[in-house]
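Student: Spelled out from the first residue to the last, the chains are:
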Amino acid sequence: MASEDAEFTMLFQDFYPSLCRFLECLLGGRAPLAQDLAQESFLQLHRTAWGTMPVGEARFWLYRVARNMAINEFRKSHTRYRLFDRVVEVMSPRARNPEQEYETQERKTLVLEMLQTLPEDQRTALLLREQEQLSYREIGQVLNVSESKVKVDIFRARASLRERWNKVSGLSRYAGVGNS
Amino acid sequence: MNCSFTEKISSLIDGELTAAEAREVERHLIGCNDCQQLRADFLSLRTQIAGYETSLQPAVQKRALKKILGTERPVPARRLGWSFGPSAIAFATLVIAAAVIGLLFYQSSKKSEGESQRVAQQTQSPSPVPSGSGEQSRQQPQATPEPGREQPQPSPNKGNDETPRRQPSKKIVREPKPGEQFAVVPAPVQPAETQTIRSADAQTLTAMHFEKSETLLLAFRNVRLNEPGAAKEVGYERKRAQQLVLQNMMLRREADAGGDVQISSLLESLEPILIDIANLPDRPDENAVRVIRQRVERKNIVPLLRVNSTALARALD
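Residue numbers (this note's numbering), protein chains in the order written: chain A, 921 to 1100; chain B, 521 to 837.
Treat the hints as calculated values from the structure; they're not laboratory data. No false leads were mixed into what you were given.
Straight-line Cα separation of at most 35 Å, DSBU-like style, residue types lysine-lysine; simulated pairs:
1. Lys-819(B) with Lys-732(B)
2. Lys-1069(A) with Lys-1028(A)
3. Lys-996(A) with Lys-1087(A)
4. Lys-759(B) with Lys-732(B)
5. Lys-1069(A) with Lys-996(A)
6. Lys-996(A) with Lys-587(B)
7. Lys-996(A) with Lys-582(B)
8. Lys-732(B) with Lys-630(B)
9. Lys-1028(A) with Lys-996(A)
10. Lys-582(B) with Lys-1028(A)
11. Lys-1069(A) with Lys-1087(A)
12. Lys-586(B) with Lys-996(A)
13. Lys-1028(A) with Lys-586(B)
14. Lys-752(B) with Lys-732(B)
15. Lys-752(B) with Lys-819(B)
16. Lys-759(B) with Lys-819(B)
17. Lys-1028(A) with Lys-1087(A)
18. Lys-587(B) with Lys-1028(A)
Chain A stretches covered by chain B per the calculated footprint, using a threshold of three residues with CB under 8 Å from any CB of chain B:
19. 1026 to 1033
20. 1040 to 1050
21. 1073 to 1083
In this text the structure is predicted, and so the values were computed from the model without any measurement. Backbone N, C-alpha and C fix where the C-beta goes; we use that ideal spot for every residue, glycine too.
Whole structure, please, built from the sequences with the hints as guidance.
Tutor: Here it is, written out as structure tokens:
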């Protein structure tokens, strides 16, 4: 039991932050909600599925459950948490200097706004690819779709984001980072 | 941008192309400025998305872990499907054993009841019977009642009235005619003393049977023989009637045994109609169908079925 808990703790430390980030991007930046859902996903894993699958599978299981929870949240309300999130954002401690903080915040807002324009399945597939570095096969496993659909979804998401990005701010502003 | 390589560039930066495909796209990239720009933009987007920082605080993470590990874990289901524990198996065994014992007890009580009746009859037989000789009273039921012959009457002997005598049921079974699947089985006559409350299961079954029969009769009434596909439709109704006849017989016997006169008589009037429908040929002539329909109308059976099924359903509620 103690070794199981130790193993679970390791998995939690490895993946809880990335699951929070994934959910945050999926939910349009609602950080407290994303953290709640990530915690709920881990809780479900711990209560029901932990020990019934290989540890490697647990990661995909987590993303699948978390994504389903996020979809449920989309259906419930889009605005309920927004005000609360803003309050949390304002009240949260800021360690960096204001200029750096502003720039980071600006970029985050831009990324989130762009991502929100994508259909949910494309957004999820792209996030799993870019943030979690999952392969197409693994993404298909999480989303329960074929590899070819994942490939098409990711391409469409990129093409759509690129077009919007160019329209909104001009991609050249950030292009230097990617080309290095 | 109309280059045919655009989608492949997305796969290239994800490392999802085979070595040969990757080489081909790389070669194309050297000469295509649009695709070069596309790759640069895709990579730039990747940097932006991957560089997104979560606003998770370490304290929140610690708290979440503490909460999860502090939650009691139920025993996880190790496999899919039903998983019965030993207690469930023991309970199921107990239930089955109780059912078997109950059945055996029921059968033995039935048998002993029959025995006691036989004994009662045997003890009565030597006593003088005013309506006929002792030999006549011991006679077995006949297959067909002979006209003019006196039927055995219940004994007026008051001394034996404590144990109600059950008349042996007269089963007058008509042989099915050629081409028929069912023959009429008239109801055995039951004395009024044996009236008991019928079980809820039997009532439910009867209510369902009435509903099904009502649906069948309504459908049969609406069959148009002149239209194409009528034979198929009649065939379907016939099959349903065949199923319902057997159920009708069973329920009628049960209603008789329970002394439910109303239900029994309704089932009795329904039965010949069901038999007639069940015995219809593949291509019935219009006359045969009309006769059955007329009988249904005359007996007013559809409203009766509806009223009784509703009443039974209400009683069950």
